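Below, each chain spelled out in residue letters.
2 protein chains.
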Amino acid sequence: MPTIVVEVMPKAELLDPQGKATSGALARLGHGKFHDVRIGKRFELVVDGEVTDEVLEEARRVADEILSNSVIEDVVAVTVEGAE
Amino acid sequence: MPTIVVEVMPKAELLDPQGKATSGALARLGHGKFHDVRIGKRFELVVDGEVTDEVLEEARRVADEILSNSVIEDVVAVTVEGAE
Chain A
1 MPTIVVEVMP KAELLDPQGK ATSGALARLG HGKFHDVRIG KRFELVVDGE
51 VTDEVLEEAR RVADEILSNS VIEDVVAVTV EGAE
Chain B
1 MPTIVVEVMP KAELLDPQGK ATSGALARLG HGKFHDVRIG KRFELVVDGE
51 VTDEVLEEAR RVADEILSNS VIEDVVAVTV EGAE
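Respectively, the protein sequence lines represent chains A and B.
According to UniProt numbering, the first sequence is numbered sequentially starting from 1.
According to UniProt numbering, the second sequence is numbered sequentially starting from 1.
No wet-lab data here; the hints were simulated from the structure.
None of the values given here were measured: they were computed from a predicted structure.
Zero decoy hints are in this set.
Example chain A residues on the side facing chain B (calculated, C-beta under 10 Å, incomplete):
1) 25
2) 26
3) 66
Quick list of simulated restraints, FRET-style, between CB atoms:
4) B:36 / A:52: 16 to 24 Å
5) A:65 / B:54: 39 to 47 Å
6) A:66 / B:49: 33 to 41 Å
Glycine included, each C-beta is placed from N, C-alpha and C at the ideal position.
Isolated chain A, as found in the complex (with noise of 0.2 Å):
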């Protein structure tokens, strides 16, 4: 069955803190030539039948309604896998 993935990244305006901290740790690592690290989230759904253009539209209205804050959220990416 095909799944939609839905990509939501914090505003790059905002601060995050996680990305913060993997960032130093990354440093410490000794990997410094990695920096600015932002953690977001990936969203897989699996949809019943086939992905029309319909199916998409309604998967970026969830994606930006339900699966995302917009006040600090941005959708980056909504994209279908394995469809056949």
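Once you've looked at the hints, dock chain B against the given chain A.
Relative to chain A, chain B alone:
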């Protein structure tokens, strides 16, 4: 500057209570066509300089050893964005 995106999901054989709660909420709100929700993480790491094969290999190691917990999570993707 290029960004490496690391995507981490809970292992398929493990319960994902947060995802289960989200599936329930979607069903109640009339979006039952989306089910079996699973919630993972999406990391963005900014990289100094070019992303060579070596840097990407180091990022994969960081993803496996630091950003994810291999007991309960799988790294599902390590990709490069915004490389110019």
